[in-house]
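Top to bottom, those sequences are chains F and D. First residue of the first sequence: 29, per my numbering; consecutive thereafter. First residue of the second sequence: 532, per my numbering; consecutive thereafter.
One thing to keep in mind: the hints can contain errors.
Quick list of the computed label-pair ranges, beta carbon to beta carbon [to be verified]:
#1 F:Val36 - D:Lys703: 51 to 59 Å
#2 F:Asn40 - D:Glu702: 52 to 60 Å
#3 D:Ala670 - F:Lys114: 53 to 61 Å
#4 F:Gln122 - D:Gly647: 41 to 49 Å
Lysine to aspartate or glutamate pairs mimicking EDC-like chemistry, simulated, CA-CA at most 20 Å apart [unchecked claim]:
#5 F:Lys50 - D:Glu914
#6 F:Lys49 - D:Glu914
#7 D:Lys923 - F:Asp51
#8 D:Lys904 - F:Asp37
#9 D:Lys669 - D:Glu695
#10 F:Lys50 - D:Glu920
#11 F:Lys49 - D:Glu924
#12 F:Lys49 - D:Glu920
A few chain D residues facing chain F, derived, Cβ under 7 Å [as the list claims (entries may be wrong)]:
#13 Glu841
#14 Glu843
#15 Ser858
#16 Cys860
#17 Glu879
#18 His882
#19 Ser916
#20 Leu918
#21 Trp933
Honestly, the hints are just simulated from the structure, not real lab data. Virtual Cβ for every residue (Gly too), placed ideally from N, Cα, C.
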Amino acid sequence: MAYSDKVVDHFNNPRNMGSFKKDEEGVGTGMVGAPECGDVMKLQIKVQNDTIVDAKFKTFGCGSAIASSSLATEWLKGKTIEEAQKIKNTDIVQELNLPPVKIHCSVLAEDAIKAALADYQKKADGVLADAK
Amino acid sequence: MKLPIFLDNHSTTPMDPRVLDTMLPYFVEKFGNAASRNHAFGWAAEEAVEQARKQIAKLIKADPKEIVFTSGATESDNLAIKGVLEMYKEKGDHIITSSTEHRAVLDTVKSLEGKGKAAVTYLPVDKFGMVNPEDVRKAITEKTILISIMLANNEIGTINPVKEIGKIAKEKGILFHCDATQGVGKIPVDVQDMGIDLMSFSAHKMYGPKGVGALYVRKKNPRVRIAAQMDGGGHERGMRSGTLPVPLIVGFGKACELCEQEMAKDTVRLIAMRDRLEASIMKALEESYLNGHPTNRLPGNLNISFAYVEGESLLMGMKDIALSSGSACTSATLEPSYVLRALGVGTELAHSSIRFGLGRFNQDDEIDYTIKKVIEIVTKLREMSPLYEMAKEGVDLKSVQWAAH
Ligand SMILES: Cc1ncc(COP(=O)(O)O)c(C=O)c1O
Ligand code: FES
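Chain F with its partners taken away, still in its complex shape (with noise of 0.2 Å):
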């Protein structure tokens, strides 16, 4: 199967790879997938004053669901909480040109991203529990 350009570039030249420590303050990590499937993609984001100001990826994957890692930590750098919600994994299907096979792995990263903004919301309320 022929990759898309896109897909290719993103593959070669992975955008914010690496990972931030999980307990730091602000960060919300998402890890979907599992081994077995073939699949597992960690995302991070940053977040401040509401705004996710940075966000990083590792992915065991296919070059596809590498791709749209990278994709996702580019789009969501920037965002508000709120509008990193509404991220679809359609967009990204249609951004990177996916074929049908490897819609899934678009899904993972949409999926990724929910996970990765519940977990930070999950300790910001922990945060204002405490607080209170």
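Assemble the complex: chain F is given as a structure, and chain D with the ligands must be docked to it using the hints.
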């Protein structure tokens, strides 16, 4: 050195230029139908076919009359299994095969099973991918009419104890079919010594043309009979109708002759290159695991799983090397390799496997390049892998609750 490099010689092989040379006259000049008995065009074609039949038979120690031409090993497997079942159905309907056979065998027996025409036993293999002959013996019932076990596996290269299985088949009076597609031309094959009654193989896996193969059908001790699966002009002694593709058959014959002459030389070269590839990769990359048998394996085969990285991404990172992977992401079914699963290789490692298939035309500098590329890409993708990171942090990946999707 030219890029891309072809290291996928189990899928097919490039044709030897010497094979092409022998084929060329049979397209335009000597185009006759080998079944035309009444003129010189037909005689020339028939002579060429008979010459090829001899070359092919010689390689596997058979009689030329025992060679039935087909379109390839898929057809040979179908013809052998369906042909025997139909011919001997009064005797029984039980077939013994193994879980790591090629799909040309597995899907054939499954389809027969599904239609209620056969009862099938799928033997397990050991962790190296080998069938235990004693398992074959134990699986035999009074209804067993066919044992179908492959010679060498197309993914892991493991060579089965075919001779022992042949002996048991003979002892019990059961026909033995062997899918030897990956073995013929690469390792010595002797249908007498191995006790094989029917054997499938294909020209394009041994530097011959695509679209032609053969089924060996034993003529004596015992005389094996099969029911034709295609009706027509009764070619190939009634077993396989259809005008013979003379140029392809001529090429097939030449390919067999070359394999016979060059097997010893090719084997030494291939083993040296393969072992160097294996040793260099394994030394440089921790947690890489060999799949298949450490020694009892095809000379050109190497199958390795690289923990924490997924196979399709590995292939993508080595675009200028043609390889294949057992990863689900590369398969249409999104299931990882059933062969690796049958050896007990964990699903994660099955996703991480790469098959290197070396052949006659590979050169040392291509191996050097491949070693370098593999080490580079595995290292790069491990840096990118959350699993590798966790493992480095000491997390036991098996203990993690994964959010499976
Ligand atoms: C073991 C085995 N059997 C059968 C086949 C099918 O061969 P063909 O392509 O000639 O139909 C192959 C080729 O992939 C094979 O490796
Ligand atoms: S991770 Fe398997 S297809 Fe993308």
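Outcome of the hint check:
Evaluation of the 51 to 59 Å hint for F:Val36 and D:Lys703 yields a pass: the beta carbon distance comes to about 56 Å. Take F:Asn40 and D:Glu702: their Cβ atoms lie about 59 Å apart, and the range 52 to 60 Å holds. As the Cβ distance of D:Ala670 to F:Lys114 is approximately 59 Å, the hint placing it in 53 to 61 Å holds. At roughly 48 Å, the beta carbons of F:Gln122 and D:Gly647 sit within the given window of 41 to 49 Å.
Annotation: proposed proximity of F:Lys50 to D:Glu914 holds, straight-line Cα distance about 18 Å (limit 20 Å). Restraint check for F:Lys49 and D:Glu914: satisfied, since their Cα atoms lie roughly 16 Å apart, inside the 20 Å limit. For the proposed pair D:Lys923 and F:Asp51, the alpha carbon gap of about 18 Å is at most 20 Å, so the pair holds. Restraint check for D:Lys904 and F:Asp37: the C-alpha separation of about 18 Å stays at or below 20 Å, so the hint holds.
Under the criterion of a C-alpha separation no larger than 20 Å, the hint pairing D:Lys669 with D:Glu695 is consistent with the structure, at around 14 Å. Our distance criterion of 20 Å between C-alpha atoms is met by F:Lys50 and D:Glu920, whose separation comes to about 13 Å. For the suggested pair F:Lys49 and D:Glu924, the alpha carbons sit about 12 Å apart, so the restraint of at most 20 Å is met. With a CA separation close to 12 Å, the supplied pair F:Lys49 and D:Glu920 stays within the 20 Å bound.
Evaluation of the D:Glu841 hint against chain F yields a held restraint, the C-beta minimum of about 5 Å falling below 7 Å. Among the interface hints, the one on D:Glu843 holds; its C-beta lies about 4 Å from the nearest C-beta in chain F, closer than the 7 Å criterion. At a threshold of 7 Å, the smallest CB-CB gap from D:Ser858 to chain F is about 6 Å, leaving the interface hint in force. Restraint check, D:Cys860 versus chain F: the minimum CB separation of about 4 Å is within 7 Å; hint holds.
Because the closest C-beta pair between D:Glu879 and chain F is about 4 Å apart, less than 7 Å, the hint holds. Checking D:His882 against chain F: minimum C-beta separation of about 4 Å stays under 7 Å; hint holds. Look at D:Ser916: its Cβ gets to within about 5 Å of chain F, closer than 7 Å, so that hint holds up. With a cut of 7 Å, the hint placing D:Leu918 at the interface with chain F holds, because the nearest CB-to-CB distance is about 5 Å.
About 4 Å separates the beta-carbon of D:Trp933 from the nearest beta-carbon of chain F, less than 7 Å, and the hint is met.
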